Amino acid sequence: MNAASLIARKEAGELVVSRRGRAWLLTLTAVLSGFCLLLVGDTELSLLDNAQVIYDMVGIVTGLGALLAVIVGIDAIAGERERSSLVPLLLAPISRGGIVAGKLGGQAIAWLLMLLLSLFYLWAVGSTGQNLFESVVALAVLGTPVVLGFGFLAIGLGARMGSARVGLSVALIALILSASPLLLDPSLRQSAIGRAFDAVNPISGALNAYDAVIIDSQGLLAQTGHGLVDLVWLALTLWFATASVRAISR
Amino acid sequence: MKLAIPLLCAALALGSMPAIAGPLTIDLNPSAANPVSPQMGDQLMFHSTIRNTGNQPIEGLIAWISLLEVDQGHEQPVDLEDWSAQKAVRVRSLAPGASVETDWPMRLIQSGDYRVVVSAASREGAELTPSHFADLTVRSKPVVESRRVLPVALGIPALIGATFLFRRR
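Chains as they are written, first to last, in the working numbering: chain X, 1 to 250; chain F, 1001 to 1169.
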């Protein structure tokens, strides 16, 4: 097993098995459960179309995944620095790219677990409706680059910023800005600024594709434009994270 | 007075006729496969035929579907964002006597009483041509069932929470 895999296993273990890891799992499921209970407890919400409910839940899972990736990504480098364990890590016989890959491997495993947990909730609220299977595929295909991209962004910011708090603040502001389409209806984003924002925003790309696949029953393959935004986001953040970790000792 | 009576009769006669809006006619019909009593989540289909009854081609024709909610106290046009994937059709040129047929799929999102209408206009025409209304009533349907949601919403956090107790021993 190479060093990157070892780091990934250690990170995943901390994220999934440790007390801290199970605490965020509990938080994640509490948020999803709260949304579900709102749906059954509120007459108006209980009449929402199935597809709309699935779309909302898929958006929430993506947002929560990105939030987790940001928090864990900041901790990956900036947290190691504050715990004085960064230098030993950098001196270990592993490339900087390997460190980034290992750190992100842990996040990817945590995201996979989130996806698996969300399946129960998606089934609970959407199994009598349409496009449940398509929604799961869309979440996996389009949500994954968004979430991992935010993980890369946070790793890069953690490496560049002197303080984990500053890095976390910047990353959270970026996430809140990017996730604003979760609250703003597409009709509210029809201005030139809104369209330009949607064209470059990875969460907009994912949400617009979810909308098309889940609500409008369009094919996933027809969403290449939205998927491209997410892939460009992933590539740029990967470059940023790798370059930032390489620049640590310079 | 002699003149006023024929004029009044003519006005009444004109008022009882269908609106004449240029050389277009639009026929709108619900599909025979539509459910008799549709409910939320159902897919309906409406079929329109737009015919050029004039003797000149109509250039740059555009037709679109609209939905009006007519529940008492909630009368309003409905944003078709999530209701219909087919919101408009464009025809570059419609020759005299020619017609264009369009299917308008619609997924029922919200309960209530509605009127569907297809309208058409052209690049140069001065008037809007509407179809007749197709009326429908959408029954409500609770889409989120508590017997499926509650076990998941309560059970999964409880299971994860239980791992804290299990690990502590």
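Since the hints were made in silico from the structure, they are not lab data. Only a predicted model underlies this, so the values are computations on that prediction, with no experimental measurement involved. Do not take every clue at face value.
Calculated from the model, a selection of chain F residues having no Cβ within reach of chain X, i.e. all distances over 10 Å [claimed, not checked]:
| hint | residue |
| --- | --- |
| 1 | 1027 |
| 2 | 1038 |
| 3 | 1045 |
| 4 | 1049 |
| 5 | 1051 |
| 6 | 1067 |
| 7 | 1088 |
| 8 | 1113 |
| 9 | 1145 |
| 10 | 1146 |
| 11 | 1150 |
| 12 | 1151 |
| 13 | 1152 |
| 14 | 1163 |
Below are the EDC-like pairs computed for lysine to aspartate or glutamate, each with C-alpha atoms no more than 20 Å apart in a straight line [to be verified]:
| hint | chain 1 | residue 1 | chain 2 | residue 2 |
| --- | --- | --- | --- | --- |
| 15 | F | 1141 | F | 1103 |
| 16 | F | 1141 | F | 1069 |
| 17 | F | 1141 | X | 56 |
| 18 | F | 1087 | F | 1145 |
| 19 | F | 1087 | X | 56 |
Yeah, the Cβ is synthetic: ideal placement off N, Cα and C, and Gly gets one too.
Status of each hint after checking the structure:
With a closest Cβ-Cβ approach of about 27 Å to chain X, residue 1027 of chain F is found to remain outside the 10 Å limit, as its non-interface label requires. With a least beta-carbon separation of about 13 Å from chain X, residue 1038 of chain F lies farther than 10 Å from that chain, consistent with its non-interface assignment. The claim that residue 1045 of chain F lies off the interface holds: its Cβ sits roughly 14 Å from the closest Cβ of chain X, which is beyond the 10 Å cut-off. With a minimum CB-CB distance of about 25 Å to chain X, residue 1049 of chain F clears the 10 Å threshold, and the non-interface call stands.
The claim that residue 1051 of chain F lies off the interface holds: its Cβ sits roughly 29 Å from the closest Cβ of chain X, which is beyond the 10 Å cut-off. Against chain X, the non-interface label of residue 1067 of chain F holds: every CB pair exceeds 10 Å, the least being about 15 Å. Every beta carbon of chain X lies more than 10 Å from that of residue 1088 of chain F, the smallest distance being close to 15 Å; the non-interface claim holds. A cut-off of 10 Å between C-beta atoms confirms that residue 1113 of chain F is not in contact with chain X; the least separation is 16 Å.
Not every CB of chain X is more than 10 Å from the CB of residue 1145 of chain F (nearest about 7 Å), against its label as outside the interface. Separation of residue 1146 of chain F from chain X is inadequate, the least Cβ-Cβ distance of about 4 Å not exceeding the 10 Å criterion. Taking the minimum C-beta to C-beta distance to chain X, about 7 Å, the non-interface status of residue 1150 of chain F is violated against the 10 Å cut. Under the 10 Å C-beta cut-off, the non-interface status given to residue 1151 of chain F relative to chain X is violated; the minimum distance is some 8 Å.
With a cut of 10 Å on Cβ distances, residue 1152 of chain F falls inside the contact zone with chain X, its closest approach being about 4 Å. Taking the minimum C-beta to C-beta distance to chain X, about 6 Å, the non-interface status of residue 1163 of chain F is violated against the 10 Å cut. Of the supplied pair hints, the one linking residue 1141 of chain F and residue 1103 of chain F is violated, its CA atoms being roughly 26 Å apart against a limit of 20 Å. Of the supplied pair hints, the one linking residue 1141 of chain F and residue 1069 of chain F holds, its CA atoms being roughly 18 Å apart against a limit of 20 Å.
With a C-alpha separation of about 19 Å, the suggested pairing of residue 1141 of chain F with residue 56 of chain X holds against the 20 Å cut-off. Restraint check for residue 1087 of chain F and residue 1145 of chain F: the C-alpha separation of about 32 Å exceeds 20 Å, so the hint is violated. Our distance criterion of 20 Å between C-alpha atoms is broken by residue 1087 of chain F and residue 56 of chain X, whose separation comes to about 23 Å.
Hint compliance for this structure: hints 9, 10, 11, 12, 13, 14, 15, 18, 19 are broken, all remaining hints hold.
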